[in-house]
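So the protein lines, in turn, are chains A and B.
578 is the number that full-length UniProt numbering gives to position 578 of the first sequence; each next residue is one higher, with no gaps.
186 is the number that full-length UniProt numbering gives to position 186 of the second sequence; each next residue is one higher, with no gaps.
Derived by calculation from the structure, the hints in this document are not laboratory data.
Accuracy of the hints is not assured; some may be wrong.
Remember, identical chains collapse to one label, so a pair may be satisfied in a single copy or spanning two.
[Stated by the list, open to error] Using 20 Å as the maximum straight-line C-alpha spacing, the simulated DMTMM-like pairs for lysine to aspartate or glutamate come out as follows: (1) 84 with 543; (2) 186 with 110; (3) 84 with 536; (4) 186 with 144; (5) 324 with 408; (6) 84 with 65; (7) 84 with 410.
2 protein chains.
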Amino acid sequence: MRTSIATVCLSGTLTQKLHACAEAGFDGVEIFEPDLVAAPESPEEIAALAGRLGLSLDLYQPFRDAEGVSVEAFDAVLRRARAKFRLMARLGIDTMLVCSNVATATVDDDEHSAAQLRRLGEEAAPYGVRLAFEALAWGRYVDDYRRAWRIAELAGHPGVGVCLDSFHILSRGHDPSAIEAIPGEKIFFLQLADAPALTMDVLSWSRHHRLFPGEGAFDLARFVGHVLAAGYGGPLSLEVFNDTFRQTDVLRTAQQAKRSLRWLEDQVARSGGAVSLPGGPERLPDVDPPRGFDFVEVKAEDAGEVDTLLRQLGFTFRGRHRSKPVRLWAHGPARVVCNENLAREWPPTLAAVGFEVADPKAATQRAGELKAPPVFRRTYAGEQPLPAFRAPDGTEVFLAGEPEWVAEFESDGAEVPPEDPVLTGIDHVNLAQPWQAFDEAVLFYGSVLGLRSAGSQDVAAPTGLVRSQVIRSADGAVRLALNVAPPAYDDPRGFPQHVAFASSDVMLAARAARARGLRWLPIPGNYYDDLAARFDLPASLVEEMRELGVLYDRDENGDFLHFYTETAGSVFFEVTQRRGGYDGYGAPNAAVRLAAQHQRDQRLSRR
Amino acid sequence: MRTSIATVCLSGTLTQKLHACAEAGFDGVEIFEPDLVAAPESPEEIAALAGRLGLSLDLYQPFRDAEGVSVEAFDAVLRRARAKFRLMARLGIDTMLVCSNVATATVDDDEHSAAQLRRLGEEAAPYGVRLAFEALAWGRYVDDYRRAWRIAELAGHPGVGVCLDSFHILSRGHDPSAIEAIPGEKIFFLQLADAPALTMDVLSWSRHHRLFPGEGAFDLARFVGHVLAAGYGGPLSLEVFNDTFRQTDVLRTAQQAKRSLRWLEDQVARSGGAVSLPGGPERLPDVDPPRGFDFVEVKAEDAGEVDTLLRQLGFTFRGRHRSKPVRLWAHGPARVVCNENLAREWPPTLAAVGFEVADPKAATQRAGELKAPPVFRRTYAGEQPLPAFRAPDGTEVFLAGEPEWVAEFESDGAEVPPEDPVLTGIDHVNLAQPWQAFDEAVLFYGSVLGLRSAGSQDVAAPTGLVRSQVIRSADGAVRLALNVAPPAYDDPRGFPQHVAFASSDVMLAARAARARGLRWLPIPGNYYDDLAARFDLPASLVEEMRELGVLYDRDENGDFLHFYTETAGSVFFEVTQRRGGYDGYGAPNAAVRLAAQHQRDQRLSRR
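Pulled out of the complex, with its shape left as it was, chain A reads as follows (with noise of 0.2 Å):
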C-alpha cells in the first residue's frame, strides 16, 4: 500500500527529513506546518526537491481553531485560511487537514459548525484544495470522529471529508467500526499512531508518547480493517510525536518507521477483516516465531575470562573454527561462542544471538522485506552461510535451521561432554538496550522474530532505575530481557548483558562451578535474612542458598532458583531452574544482583 509520514515524526530540518523519507522508501509525506515556516527553502523549492526524490507532498497540516467561532471571528479564520490555500498551491498539496477547534470556538452546534467548513471548502476549491476535518481527542467541543464525520457530512461540500486518526480515537476508548459507515471517498486521509497503555492526561500522552505501529498496544490491524472496509483508497500516513524519535538519527527513524507500516500492512492482510483490493495489504512471508536459540556469541580481542567461567560452569570445549579465531563452548543443547575475529580492543561483550528458525529462508525474506539491516560476515567456501540482522541495540541477529555451522568448528582438541548435563539449553538472554534504541527494539524483534511483548518491570539499580521488559515466543522457548539502562550511565564497558541457562538442578550446578573454582556473585546476607521473613522455606534450605550465592523466587505457579558468575567485560552468565510452572524472571532480586555488581565495580575501581 501506499505509504506516508507527518515531518513532525523526525528530527532534523525539513530537506533532511525529505531525503530521509525517500531513502526509507516512503511514497510520500504530510508536510507538518511548523517544519516549513522554520525552514529556509521557499514553497516552491520543497515542492521542487521532493519532485526530484519522488516524494508526493500529501497533506498539508495543521489548520487549527477553523469551525464553531462566532460570525465576527470568522473573518481572521478565512483570511488566514486563503493564506494557507495559496501556500499550499505554491507546494502543489491538495489536501488539508483541518483539525477541530481547541482553543477559539464559542458555538458548540453541529449546523454552526458545518456552515463555517462548507464556507472554507467553497474558498478552498479555487486552489484545488480539499479540507480533512479530524476529531482531536482534546477538541472544546468535537472531540470525537462520529461527530465530526457528522460535521462534514452536515457541509455538504464535496471539497470537506474527514480525517481519520487512530491515536485520537482508540486514546479515547472510542469503538472504531462506526468507521465502516463514513463512505470511503468521503474518508481524505488516514494518519496512523500507535502509544504505550498509560493513564495521563491525553495531550500529554499524544504530545510526547506517541509510538510507531507495533511498538505500542493499540490495536491497530483491526482500526485498519475498519478504515478499508469503508473503501479508503488512500496511503497509510504515520503521525507520531514521540520525545526520542525528534532527537534520534533521522534516516534510522524513518526506516524504523517504514518497517512499523510494512508489519502493519502484514497484520491487516491477517486480520482478514480488510477487504481484498488490488493494492490491498500484502502479506509478509509467513514464519513462526524461533524454536529455540541456536547459540549466543560474546566477543573479545581476548576471551580468556570468559573461556574460564563456561569451564566452571561446566562446559565442554566442542573445537575452534577451520578459518577464523573462533571457539565453541557447549553444555549439553547450550551453545556459546567466543569470537576474537576484528574484535581489537573490545572488552568481552555479548555480539551476537542465534535463533533456531524453521524456516531459515522464508524467515530471512521476511526480514529483508522488514528492511532488517544485514549484517556482513566473510563466508569461505564450504562453510554455511549464516544469514543475520542488525538489531537496534547494535546485537547481531542469526536465523538457521540445524546448527550445522558446528561442523565447521575442528574437534582437535575437543572434549568429550558429559553423559548427563546438568544445563539443559538457554534459558533467556539479556540485552542492555540504548534508551533511544528501546521502542525500536521491541519493533525490531517483534515484526523479524515474531517474538511478544510480556510484562514490564522498573528494578532499582544503584545507577538508577533500569526498565526492563520481556518479549518471548509464546511457548517460552525463546525469551529476551530488554533492559534499558539509566541515561545516566557511563562505565565505558557497556551495561551488563547476560545469558541465563536453564538447569535441571541448580544446587548441583553451582556446587559443581564452585568445585571448579567459579568467581560467583556474592549475595549480601541481609538477602537471606529477608528471604526467611518473606517465604515460608525450610531453614535448610535458605542455609544451602546463602552458601551458594543462590536466590529464590516464587509465583503462583512454582518457584525459581538462579546464581550469577561474576562479569568479564560488560558480560556475565546466569545458572536458573524453574520449578513447578514458574513462568518470571526473578525480578525481584534483580535489584540485589545490581547492587552486588555495582559493588563489585567500586571495589575493582578503587585498586
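Fit chain B to the given chain A structure using the hints.
Coordinates of chain B only, in the frame set by chain A:
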C-alpha cells in the same frame, strides 16, 4: 528543626548514602528496606556506621500488606513482622512504617484492620518498636489519612500511631487541615515530598516524579503548618522517588535535599500558621528578589568575536580590569564583561550573571545558610570583594548592591557612551540546563534569589524538544529562562545560551547594528508569510521585519519584536522590545530561532 531523609531518595550503595546524608548535614535517615537487603554490611555495621557519622536511624520502611487481611493470612503477616522487629532491634530503629494494604487486603472494615494493627503493636512492643500506619494514595481500602488515623485510634495501643506523607495526601487533593485533629504524639512520623502538577495515574506520579520541597507545585508550608499545629515534634523527613535523583551524584542530591528542607522551614516560619515552639521552624535572613541584572559575563580564551558583536549592537568599551584580562562593555545600564582570565580552551561561554540586590550582606548570608556552593575568585587589595555562588547548571551567580566594581576598570581607552542609548537594560537571560540539574536549578534560583516559576513550554528544535521554564521576580525586573536541552544533544560547545537586551526601538537598534556590520541570525521567508497569515499586520511592517530579520509575537496585552545575533561559541544575543503589557518571551518564535541556528551549524560543519 531536625531533618531526616529516606535512603531511597539517593543513588549509590547504602553506605555511600549514609556518608552523603551526614556530609549534607542531615540529622537522621529512614532506612528503605531494599537498600538494606542489597547491602553487604550487616545491620550491626550499618547501625555502627550511622552512629559514627552522627546520624540517627529514624524509621524502617516500608512494611507492606499488614492489615485488612483474612484471619488465615494474618499468621504469615505476624511471622514476617517478627522477623523485621528482630532486624530493627539489630539496627536500633524504634519506628516502623506500616503502609495501608495494596495487594492482599480482603476485609474492608476499620475494626478488623484496627485489631490486626493492635496485635502487631503488641508483638512489636517487646522489641521497643512502634508502628506508624500510613494511608497510601492507592491503598486497596485505606487511601485517606483520615481513615488511617481512625483505624490507628481504634487500635487503641500506645505503639500504634500514624505516618503522614504529603504526597499521599496532597496528590489526592485531600484537605490537610484535619491533621490538626490528630494528637501530635500519635503522629509518629512525617514524610515530605513535593511534586509537579501532573494529570496521570497517582502510582506512576509517585514512583517517578516526586520532587524535593520548592521544586514542585504543592503547598508544603501550609501542610507542615497543620502538622506542627497538631503538636508533632519529630523530624521533617524527605521521601522522594525520582528517576533523576536516583542516578545523579549522591552528595550533590543530598545537599539539594537539605537545601529544600531549609527553604521549607523558612516558608513554614513565614506562613505563621505554625505554632512558635522551641526548636520550631527558623527563618532565613529576609531578602527581596534582585531588583535587576548587574552584569553578565562571557568567558572565553579569546572573546574577540563577542567584543565585535557587542560593538555592533552599540555597546561602548568601558575599560580593562586593572589586574585581570577582563574587559567591560556597556550600553545604557546593560553591562557585559568579557573575561579571558583562566579561560584556556574555553569557547565563548555565558559563565556568570550578576544580580543587583538591595542588601548584599543579607543575600549572601541567606545563600550561605542554604549551602549554596561559594565560588572562589581572587580579590586583590583595593578591589571590591564580590560574593558569588555556583548554580546547579554551573553558572556563577554574583550578588551585589551598587555596581562599585565598575571602578576597577581602567578608563584608559574607554569610549564615550551615546547620550540616548537605544538599549535600556537586560530583559532576560537564557541559561541552558543539563537535564540532571533542572529541578535542582528551580530550587536554587527560587530559594537563593527568591525567583518564582512562571510558565513553561516545550519548544521543538531540529535536535529534539527543549523544555523552557521561566523563573522571574514578581515585577519582571529579573527574568531567567531555564532551557533543558534534549538529552541526546551533543555539541561539545554546549547548548546555546543568550542575553536578551531590552530596547526602546528594536527597528532602530536593528538598522544601526546592520550599519555596523552585525552578523544577524537569518530568518526564513516562510516565517514572514506565516506571520502575515496569522496577524493582521500592515504589509509594510512585515516587509521591514523581513528585511531586518525581526520576529514578532503578540499576547492579550501587547506585542513583542525581537532579533537575534549569530552565535559565538555557545553565546548569542537578542534585542527585544515589549510594547503594551506584553509579558512573554516570543516563545512561538523559539522553534524558528533554533532551526535557523541548527541550519547555520550544519553549514559551518560542512565547510
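Cross-check of the supplied hints:
Taking identical chains as interchangeable, the C-alpha atoms of residue 84 and residue 543 lie at most 20 Å apart only when they sit on different chains, with a minimum of 18 Å there against 76 Å within one chain. In this assembly of identical chains, residue 186 and residue 110 lie within 20 Å of each other by CA distance solely inside one copy; the values are 18 Å within and 59 Å between copies. In the homo-oligomer, the alpha carbons of residue 84 and residue 536 lie at most 20 Å apart only across protomers (14 Å), although the nearest pairing inside one protomer, at 72 Å, exceeds that limit. Within a single copy, residue 186 and residue 144 get their C-alpha atoms as close as 16 Å, which meets the 20 Å cut-off; across copies the closest is 52 Å, which misses it.
Taking the shortest Cα distances, residue 324 and residue 408 sit within 20 Å of each other inside one copy (10 Å), while across copies they are farther apart (72 Å). With identical chains, the CA atoms of residue 84 and residue 65 are at most 20 Å apart within one copy only, with a shortest distance of 14 Å there and 61 Å across copies. When the C-alpha separation of residue 84 and residue 410 is checked against a cutoff of 20 Å, the pair qualifies neither within a copy, at 71 Å, nor between copies, at 58 Å.
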